[in-house]
Amino acid sequence: MTSQPLPQSALRIFAGAIETGLAQRFPAAERPRVTFEAPRRPEFGDFSTNVALGYAKIARSAPQPLAQAIIDDAYARQPQLRELFSSIEATAGFINARLAPPVWHASLAHILRQGERFGQTGERSGRISLEFGSANPTGPLVVVQGRALAIGGALVNAMRCCGYEVFVEWIVNDAGSQIDALGRSLYARYRQCFDAQYPFPDDGYPGDYLHPIAASIAQTDGERWVGAQQSEWLAHFSRVARDAIVAQQQATAQRFGIVYDLWQSEAELHDAGRVTAVLEHLTRLGLTYERDGAVYFTSMQFGDDKDRVLVRSDGRPTYYCPDIAYHYDKLQRAERVIDILGPDHHGYIGRLRAMAAALGYDGHLDVLIAQHVAILRDGEPVGMSKRAGQIVTLDEVLDEVGIDAARFFFTMLAPEQPLTFDLALALQTNNDNPVYYVQYGHARIASIFKRAQAGDRSLLQELTDAPLGRLETALAALTSPAELSLARRLAEFPQVVLGVVDALAPHRLARYARDVAADFHTFYTECRVLDEDASIRIARLALCGATQTILARTLGLLGVSAPQTM
RNA sequence: GCGCCCGUAGCGUAGCUGGAUAACGCGCAGCCCUCCGAAGGCUGAGAUCGGGGGUUCGAAUCCCUCCGGGCGCACCA
72 MTSQPLPQSA LRIFAGAIET GLAQRFPAAE RPRVTFEAPR RPEFGDFSTN
122 VALGYAKIAR SAPQPLAQAI IDDAYARQPQ LRELFSSIEA TAGFINARLA
172 PPVWHASLAH ILRQGERFGQ TGERSGRISL EFGSANPTGP LVVVQGRALA
222 IGGALVNAMR CCGYEVFVEW IVNDAGSQID ALGRSLYARY RQCFDAQYPF
272 PDDGYPGDYL HPIAASIAQT DGERWVGAQQ SEWLAHFSRV ARDAIVAQQQ
322 ATAQRFGIVY DLWQSEAELH DAGRVTAVLE HLTRLGLTYE RDGAVYFTSM
372 QFGDDKDRVL VRSDGRPTYY CPDIAYHYDK LQRAERVIDI LGPDHHGYIG
422 RLRAMAAALG YDGHLDVLIA QHVAILRDGE PVGMSKRAGQ IVTLDEVLDE
472 VGIDAARFFF TMLAPEQPLT FDLALALQTN NDNPVYYVQY GHARIASIFK
522 RAQAGDRSLL QELTDAPLGR LETALAALTS PAELSLARRL AEFPQVVLGV
572 VDALAPHRLA RYARDVAADF HTFYTECRVL DEDASIRIAR LALCGATQTI
622 LARTLGLLGV SAPQTM
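Just so we're on the same page, my numbering is the position in the first sequence counted from 1, plus 71.
One should not assume that every hint holds.
[Claimed, not checked] Pairwise CB distance ranges (calculated):
1) E406 / S556: 36 to 44 Å
2) A485 / A343: 50 to 58 Å
3) A485 / A147: 23 to 31 Å
4) Q499 / A94: 25 to 33 Å
5) V105 / R383: 52 to 60 Å
6) I474 / A343: 32 to 40 Å
7) G418 / D470: 48 to 56 Å
8) A343 / G87: 34 to 42 Å
9) G186 / L498: 30 to 38 Å
10) P110 / E533: 35 to 43 Å
No wet-lab data here; the hints were simulated from the structure. Backbone N, C-alpha and C define an ideal beta-carbon position, used for all residues, glycine too.
Required output: the full structure, derived from the provided sequences and hints.
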């Protein structure tokens, strides 16, 4: 019992046979670029190539007869094609090939054997720095940051899955003037513990979240700071507020399932002299100049709209300045740097790219914008105004709909697409709610396994551990279109993950999860798993097992749980 | 005014490193439980892919232009 090649190998054999023939007929310089890939429409087979369309001109032949000639040549050249493909046809100039069922059986056997490891292709390598979620430490995380967290979290998982070494980071903007405002806000809350009439600063942060911190200071320090000068209390209150809020942000991120390797403090970059160093570096490169008492960076010559101020005329650096220091550091320690920013930062992209180019890392930096999130509660949009204190925090959303729904909904659309998050929909337990639909598929499979005989389960386990040929033979009972379509869908998983990473498109995971669940439900309706015929029963249980693995893996990359029951 | 993002069926979206009859969900019109979870499945109607040019054997996809919507254009972060 020899095992069959996997679909990807079959594709290489198919493409190889065709390209060898073409290489003999045409000189390399003239050969057009052609593709071998899975067509969108399944009725065009499992693999398709446009070679005949591409070569029609230099072959001086119409595509359709050329395609037929190429097929005939490939069959003659590579007899194995007859075994691997149930059909190879020329249609409208395309060549469409359909894999023979044994290849799908081999593919399923491979998935079952690999289990959790399936899809960990190692096809990519290198170090990536990925930054997302970063926020001023002036308040709790809000929904749009939740979206950045969900998108970033899925990307990290997918990148690691296909071999990248990813370093996940966050920068704490704890050096600007907003930190002073935060300190004054906390001080006002502290004073209000003793005197409710104490005025709150106009530029303060009005949310409720400072009250408990202030109360705790009042508890431990009493009235110690009441009579003090601002110069005495400001640094202390700023630091206490900053630390408390960062801790809270870290707790929220952790609760959401996002693990960071580094929370980089901006203030530390200043203290370590990194900001001064990068300023000097840019100056040495001749990329700075002074005007009106301020120091500018010549970002325009690197594609930015205008030159940007690095140091204000009063001597204080702008935010851009430490951010350059931070990015310089990231660019030096990773081959590729990716930032996921909020929608209010898209005007900042030009500056970031310019900086990377100026420092000698043109093309090493990618910026992804996680677009705006509108919250719909009871069908009504919820106000997002920070000034009115009407913020919707990520924690509130998590309290309301749970981690699973939040991660799925935030990731569901392309990042650059604005998202309307309907909280009521996320709580529905029906087909309208995509999270439930997918999780239901997983739970349904778990339920089948619970109902299956213990003997069947152990036989399946035994086959999975046995030589591959035995498992493939057992899977040969899978012959119906619904069964083979599902097998084909499961085999897509590694390619889907690669696509997510290459296109920075984590929403494809959500879509793929839905597709797998849909194909499974179709199979379930058409094929009775716990059939009287033992060989059919085992084969279908194996298909269920492979489906369960893929669903759990896909949901896992999204950071969504795969429940046994619901 | 300049820049970025978006414009695909009634609604929400995918497809955008060019391919074949434009895909998925909701909604709509029907149908399927004596049987493993109907929290499911099947069938159907519904789209000149914002308009107009161009490149190409082939354009939703690339280029130009116009129109519509969002956002950004700080010595804030």
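Verification of the supplied hints:
Under the hint 36 to 44 Å, the C-beta atoms of E406 and S556, about 39 Å apart, fit the expected range. Between A485 and A343 the C-beta distance comes to about 38 Å, which lies outside the given range of 50 to 58 Å. Checked against the hint of 23 to 31 Å, the pair A485 and A147 fails, with Cβ atoms roughly 45 Å apart. The hinted window of 25 to 33 Å between Q499 and A94 is violated, with their beta carbons roughly 56 Å apart.
Our hint of 52 to 60 Å for V105 and R383 holds, since their Cβ atoms are close to 57 Å apart. Taking the beta carbon of each, I474 and A343 are about 36 Å apart, inside 32 to 40 Å as hinted. Taking the beta carbon of each, G418 and D470 are about 33 Å apart, not inside 48 to 56 Å as hinted. About 55 Å separates the C-beta atoms of A343 and G87, a value inconsistent with the hinted range of 34 to 42 Å.
A C-beta distance of roughly 33 Å is found between G186 and L498, which places it inside the suggested range of 30 to 38 Å. Under the hint 35 to 43 Å, the C-beta atoms of P110 and E533, about 38 Å apart, fit the expected range.
When held up to the earlier numbered hints, the structure conflicts with 2, 3, 4, 7, 8 and fits the remainder.
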